[in-house]
Amino acid sequence: MSAHNDSARDEVEPVDLSDPKLTRFEVYKEGLRRDDIEIIHYEPRYPKPGTRLEKRMERIVGGLFLLSGLFATLFVVAFIWWPWEYEGAATWRDPQTWYTPVIGFTLGFSLLFFAVGVLTWAKKLLPIEELVQDRHDGGSSKEDRRIAESTVDTIVDDMGLRRRPFLVKTALLAAAPLGLAAVAPLGALLKDPGDMYTVTGWNAERYNDGDPIRLMMKDGALVRPDMVSAGGQITVYPAIDHGATNQFPTAPTLLIHLREADAATLRGNLYPMYQDVEALWGNFVAYSKICTHVGCPASLYEQQSQRLLCPCHQSQFNVVDNAAPVFGPATRHLPMLPITVDDEGFFVATSDFLVPPGPAFWNRPSLPEEDEK
Amino acid sequence: MKRRNGSNDSLLTKAGGELDDRFKLAGPARVLFNKVFPDHWSFLLGEIALFSFILLLLSGTFLALFFEPSMVEVTYHGAYVPLQGVEMSKAYESSLDLSFEVRGGLFMRQMHHWATLLFMASILVHMLRIFFTGAFRAPRETNWMIGILLFWVGFFEGFFGYSLPDDGLSGTGLRIMEGMTASVPFIGPWASAALFRGQFPGTDVISMIYIIHVFIFPLILLALITVHVALVFIQKHTQWPGPGRTEHNVVGFRMFPNYVMKQVGFMLFIWGVVAAMAGLFQINPIWLFGPYEVSVVSSASQPDFYVMYLDGLIRLFPAWEFRVPPYFTLPAVFWPAIAGMGLSVLLPLVYPALERRFTKDRGHHNLLQRPRDNPGRTSLGVMIVVFWVIGAVSGGNDVFAERFHISLNAMTWAGRIGIVVLPIIAYYMTYRICLGLQQHDREVLAHGLETGILMRDPNGRFYEVHQPLAEPDEHGHTELEYNGWVVPKKMNRVGALPPTDRGFFKSIEEPSDNGAARDEIESGKH
Chain G
1 MSAHNDSARD EVEPVDLSDP KLTRFEVYKE GLRRDDIEII HYEPRYPKPG
51 TRLEKRMERI VGGLFLLSGL FATLFVVAFI WWPWEYEGAA TWRDPQTWYT
101 PVIGFTLGFS LLFFAVGVLT WAKKLLPIEE LVQDRHDGGS SKEDRRIAES
151 TVDTIVDDMG LRRRPFLVKT ALLAAAPLGL AAVAPLGALL KDPGDMYTVT
201 GWNAERYNDG DPIRLMMKDG ALVRPDMVSA GGQITVYPAI DHGATNQFPT
251 APTLLIHLRE ADAATLRGNL YPMYQDVEAL WGNFVAYSKI CTHVGCPASL
301 YEQQSQRLLC PCHQSQFNVV DNAAPVFGPA TRHLPMLPIT VDDEGFFVAT
351 SDFLVPPGPA FWNRPSLPEE DEK
Chain L
1 MKRRNGSNDS LLTKAGGELD DRFKLAGPAR VLFNKVFPDH WSFLLGEIAL
51 FSFILLLLSG TFLALFFEPS MVEVTYHGAY VPLQGVEMSK AYESSLDLSF
101 EVRGGLFMRQ MHHWATLLFM ASILVHMLRI FFTGAFRAPR ETNWMIGILL
151 FWVGFFEGFF GYSLPDDGLS GTGLRIMEGM TASVPFIGPW ASAALFRGQF
201 PGTDVISMIY IIHVFIFPLI LLALITVHVA LVFIQKHTQW PGPGRTEHNV
251 VGFRMFPNYV MKQVGFMLFI WGVVAAMAGL FQINPIWLFG PYEVSVVSSA
301 SQPDFYVMYL DGLIRLFPAW EFRVPPYFTL PAVFWPAIAG MGLSVLLPLV
351 YPALERRFTK DRGHHNLLQR PRDNPGRTSL GVMIVVFWVI GAVSGGNDVF
401 AERFHISLNA MTWAGRIGIV VLPIIAYYMT YRICLGLQQH DREVLAHGLE
451 TGILMRDPNG RFYEVHQPLA EPDEHGHTEL EYNGWVVPKK MNRVGALPPT
501 DRGFFKSIEE PSDNGAARDE IESGKH
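Chains G and L supply the protein sequences, listed in that same order.
As numbered in the UniProt record's numbering, residues 1 to 373 make up the first sequence, in order.
As numbered in the UniProt record's numbering, residues 1 to 526 make up the second sequence, in order.
Think of the hints as simulated: they come from the structure by calculation, not from any bench.
Take these hints with a grain of salt, some might be off.
Taking lysine to any residue pairs in the SDA-like style, the calculated list, with each CA pair at most 20 angstroms apart, reads [as the list claims (entries may be wrong)]:
1) L/K490 with L/H440
2) L/K35 with G/R34
3) L/K506 with G/R52
Remember, it's a predicted structure, so these values are computed and weren't measured experimentally.
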């Protein structure tokens, strides 16, 4: 029994259940007493049974249940017979436009009517009651604890855990590798990341037998300088098998045809590593489209301010300054793809990106020029 | 045990007897039927999460019958004309088929999504209620921690759920998650390669998160919810202070019929609301987003609301990347995403222990506190809410900037400054408001209610008449103790205004018979 027991429970006398004169309510109250519950207040909602008010409540609840049944029927009927098949763009006059709203409305209101019916029953027809129950908070009795302790001690002694340290130690020794064995199969998921972050679809050695890789558009069309007017930009992919698919997630590149003045500015700003490989061709520059923050495509090109914006976290890159970050959470410039035009007049990449495109990662290799900026 | 044979032997009694013969239920069933529950509207917030969860299991099972978690490339030839001929994954194709070519499929998809939002929202609001009223204090710290875990498992369950259709938006979410994963020191690239079986996006991630979404996490949620509810049951619910209510009792009504009927009604109500929303309000129209392609994204790509604060933190955090000697990198996204999420899990988990330590309050608490009575905790809570809201708003700052013609950079800077400054201001203001409310409670207890009646004494001084709450002493003061519960602040709270007539079209008030009928009812006379 709890130490702090401030109920009046002890005042209530247990009743003799063998007494044949006991009413049902008295037997019921004996149950409450045994559960340490006392009635503070208990009265019927309507003192006189069958008053107009009570009858009215019954009618309301009954009506709600009937409405619920009606709507449930409507739902089943609509679910089965309402035209539902999608047949291209439709107007509000076409019944299939209304399929989802109709089944939602009927099912929803069927549930709501039943809900309000049950709630009204509970709130308006059940007796008004208030009861108080002992909480018995705060652990078991001292006796119970003592018994439990002795029980556990007996179990421990029976096993001889204290007398047989050798067995305990060997069991623990075995359990460690056994635990490891349980999680080891998860190792099947591990895969060496290798050079997945550093080699892209523009790597000619790996994907094109060492021949320079041409630039292509999504539909496979090869890209010539006259396809992009000054101030314009297109997304280009390596012209290899599946080059424009998700198989080469770091390959998408933005080819921008700069205006003369902007190109001059960029040439003045160009990092030494890009000067060394002559990364620009004429006024054309190609930047990785994959944001260096967390890898969304930085695809919004604002001509006026010469900025590329990534819509995911609003990193902004200055097109005329090596696509260096100028605002937002990105810390690195969008790597430039060195390009030129081959004999047949198509753009080709002269090499892969000089630094890994896409988000930074723990062991990301970087060039000194990057850290200076 | 011999069953009584008599007039009472109804069918119910017989059935009960048969059951009891086999399962010995009479005792435990009585304890269950009679269990007393305290009543307050704020105790029902967690129930909303429970009922949404049941709905999620039901609607999710329907969706699983039709969804194919495969990233095999197919060409779409389905009913939705604008995407016909487009290359896409089988997962996206089957999600489109669910929306267009399965009877009631769109309805179920929308029900699943709305129920998720309700699930997460009600967990959040429920958590705030527990926090602000101090219901997490001993002996209920364990259940608070289980609740926090429930939120975070739900968080990832939801994120994985809306990643499954493999549409343009969900792929963008996975893309960001990959960037976050790769930023973890030492293990980042390996963790990413394990999750995507190589380079992102690969061809395996959908089937991997599918088994997590439909089996592993639901199982964890189900287990945690079971323990959570069982502990509420075993430890007995907290209650608000009030007449006759102590730390050692529970005042309320019985589990049966009152509590159970209200619960069933409430559950059907929640389901009805979600079903109606699923039919009437569109959510996540995946056919508009197209299949996921790494090179395509649109602006206004927002995650679901419970992820938005994290996305907002990532947007706001400055471009601080660190080089770790000899040649390692700690990317900027690590701080808001990994460290930020880690703290968001850890701090709430340990908060009960921290509060115990700093207040040196080691007692058991079964009576709730009004938020005003613990200004420090309340202000801390409001501070965190403000921080969260600014994060969530910043998660949609491009939308705000576009809709209200504000500069995007100005939105970002407002968020950066706001998320540092406003929580502090919120803390101070909340603290003062709590103290002010406390003081007003004491004032009313000492001087009485403001009646709104202005008087002028012979000297020309105006004063307001106060209605004391008890017999005042010669100075007009009442010595009433504040007991942690609502103090009446208006005259009609103490019965000064008669209740309005009942009945909608005409009066249905009946003359009182002075409770003569009450005597027929056996009731405890105390």
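Checked hints:
1. Our distance criterion of 20 angstroms between C-alpha atoms is met by L/K490 and L/H440, whose separation comes to about 13 angstroms.
2. Our distance criterion of 20 angstroms between C-alpha atoms is met by L/K35 and G/R34, whose separation comes to about 11 angstroms.
3. Annotation: proposed proximity of L/K506 to G/R52 holds, straight-line Cα distance about 13 angstroms (limit 20 angstroms).
Of the numbered hints given earlier, the model fails none.
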